[in-house]
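Fit chain P to the known structure of chain D by using the hints.
Chains as they are written, first to last, in our numbering: chain D, 1 to 348; chain P, 1 to 290.
Each hint should be verified, as a subset may be incorrect.
[As the list claims (entries may be wrong)] Cβ pair distances, simulated, as ranges:
| id | chain 1 | residue 1 | chain 2 | residue 2 | range |
| --- | --- | --- | --- | --- | --- |
| 1 | P | I82 | D | W98 | 31 to 39 Å |
| 2 | D | G291 | P | R81 | 29 to 37 Å |
| 3 | P | E214 | D | F144 | 17 to 25 Å |
[Said to hold, decoys possible] Restricting the straight-line Cα-Cα distance to at most 25 Å, the calculated cross-link-like pairs of lysine to any residue (SDA-like) are:
| id | chain 1 | residue 1 | chain 2 | residue 2 |
| --- | --- | --- | --- | --- |
| 4 | D | K336 | D | V14 |
| 5 | P | K277 | P | L194 |
| 6 | D | K311 | P | V116 |
| 7 | P | K262 | D | G154 |
| 8 | P | K262 | D | V114 |
| 9 | P | K277 | D | W334 |
| 10 | P | K119 | D | L313 |
| 11 | P | K119 | D | E309 |
| 12 | P | K277 | D | L120 |
| 13 | D | K311 | P | Y48 |
| 14 | P | K262 | D | R150 |
| 15 | D | K311 | P | I113 |
| 16 | P | K186 | D | L321 |
| 17 | P | K186 | D | P327 |
| 18 | P | K277 | D | M226 |
| 19 | P | K186 | D | Q343 |
| 20 | P | K277 | D | L313 |
Don't read these hints as lab results, they were simulated from the structure. As the structure is a prediction and not an experimental result, all values here were calculated from the model. Ideal placement from N, C-alpha and C gives every residue a C-beta, glycine not left out.
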Amino acid sequence: MRTRTYQTNYAELVTLTPHRSTWVWTMAGITAVACLPLFLGSHGLNIMSTIFVMAIGILGLNLLTGVAGQISLGHAGFLLIGAYAQAILTTDYHFPTWLAIFLSGVIAAIASLVVGVPSLRLKGLYLAITTLAFTFIVRHLVLFGEGLTRGSEGMAVEPLKLFGYVIKSDFPFFYVALAMLLLFVVLTLNIMRTRIGRAWLAVRDHDIAARAMGISLMRYKLLAFMVSAFYTGVAGSLVALQTRYINVDTFSILISIEALAMIIVGGMGRIHGALLGTALILFLPELLNFGFALTGSRFTTLMADRIYEIKGLMYGVVILLFLRLEPEGLAGIWRKIKRFWVQWPLSQ
Amino acid sequence: MNYFLNLLMSGLVIGSLYGLIAMGFAMVYRATGMVNFAVGEVMMIIAYISFNLAQIPSIGFVGLLCTTIPVAMVLGLVIERIFIRPMLGEPMFSRVMVTIGLAVVIRSTVILIWGVEPKAYPRPLGDGIVRFGELALYPGQIFSVVALGVLCVLMAVFFRYSRIGIAMRATSNNETTALLMGINVKHISAISWLLSSTFAAFAGLAFCLMFSLEPDISQLGLRGFPASILGGLDSVVGGAFGGLVIGVAENMAGGYLGRGLKEIAGFVLIVVVLMVKPYGLFGQREIERV
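The shape of chain D in the complex, shown without the other chains:
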């Protein structure tokens, strides 16, 4: 039977994937996704790009919350910093746009130390509230630092330039976003199988026991915050490049909650969970739109008037349902289905 439940040596423990066939499936999946633009209109392309971009940030949040066990309600703040860093670096300081993407991540990572340092002394809920405070403070600084950020007017963002091409339309941006997502998935997979990833798991499961085993809590918690903020900062700069105009209101506190909904729906601490959760949550409004369009015009106008509330209601209900019925999220459902078929004649 092909289960590979038992690993007998260290090399097996740290392989990227236990089965050769996984590579084949992954490549087939990537090819399928890469062919999608042939069938999608510009609206569909836009949604897919948004999913890829958000998924990068969710991977980061997942590393911090799902893997290292530190709750954060502050990721809207990191996203905001990433987006504004991208806008300011390219328009005011004329950095190359591709370099600014990574610099935005670095700037968000440095800003994360503001929350990371209190996290050394705070646990659980106190930390959640400090990160919430961080979002409020960042929003305030952006609104009132008019000299740098243009305040509440928002900023126009220069389009991405790669190898002399200016990427303005949805079609090339789709592939840029997909490539970035793949890069970060591979990066995450590799972080997870090093000492760092396993140290984070230990910190999540019991931080005092982890410290007793020689893991420096200070170093690894700060690292978790910085890596997570780097991911989210990069996601923020990509959001800026996609929408080409940013404003404080784009990054409200609802984004942090949406992000938590995504990792809960996907399954905490799982990479494929983060991807599935992002996709599901971002597809939901489309499904809802579709459903309302079928029921008639009365609901369509309601949808148009109250889209923000309906989305909020939906996230809330999805969070509640998954927490109650399937705490392991989509990744858990996937695992159960897989196990059923792997053990098929004998499965229960």
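Below, chain P alone, put in the same frame as chain D:
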């Protein structure tokens, strides 16, 4: 001097609102060890219900109080029974996330039902101004401060002397041990939600008596966090004190430093306080064994 006194007084009034909310947080935290992120939204829905109640002709202020508070209590019990109790025994993260989900659901539902436009709340206490020397106060402001003071004293007595209060402290300390000692943990959780939404009801009423009713009222819940953190999440009376401090600090920052600092002064203050005292000013230090 007059400017300073006025800032101080309006700071104390806003602070008393924060204090009431912080007491709501602390109540649930003290009894069940979880943070209820939905306090602001519970306050919001109660305020809107009380708005409908206040439309009843000649209900009067006492009548309003006597109908709103029981409604709030029932609401607290219902929320606890439907959303919180099934999560008993789940990891803390899931339980806190349930309250966040609940918060979003309540806020959206209220806006869908009542709309986003501000509503003019009737003034059952009248529009007269009460003067204390140089200071002029509206009745709603006095109600807020008095409610905070009375509830604060009641709670201090409750936790120190009553059986239920002591059982609550035991439950928050260690749920399993409390269960083994014969405390009905489920009842404790229900009572704490009931009391928490009662505090939220007082805060909501006080808010409505001072300002007009609009969806932004739920923001007050988030603004109440610094207060409960400053006082220590597990200290109900500390939360009230923290609220007053944050209210005054915000107003002073807004009055003297200016430029929108009012909105974030509380958050800046707690980030600083938490660096020095990680469990707040009055919170108990948790000692943990491996």
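For each hint, the structure was consulted:
no.	hint	in the structure
1	P:I82 to D:W98: 31 to 39 Å	violated, 51 Å
2	D:G291 to P:R81: 29 to 37 Å	holds, 30 Å
3	P:E214 to D:F144: 17 to 25 Å	holds, 24 Å
4	D:K336 to D:V14	holds, 23 Å
5	P:K277 to P:L194	violated, 30 Å
6	D:K311 to P:V116	holds, 16 Å
7	P:K262 to D:G154	holds, 22 Å
8	P:K262 to D:V114	holds, 21 Å
9	P:K277 to D:W334	violated, 44 Å
10	P:K119 to D:L313	holds, 22 Å
11	P:K119 to D:E309	holds, 19 Å
12	P:K277 to D:L120	holds, 12 Å
13	D:K311 to P:Y48	holds, 21 Å
14	P:K262 to D:R150	holds, 21 Å
15	D:K311 to P:I113	holds, 15 Å
16	P:K186 to D:L321	holds, 22 Å
17	P:K186 to D:P327	holds, 22 Å
18	P:K277 to D:M226	holds, 24 Å
19	P:K186 to D:Q343	violated, 41 Å
20	P:K277 to D:L313	violated, 37 Å
Of the numbered hints given earlier, the model fails hints 1, 5, 9, 19 and 20; all others are met.
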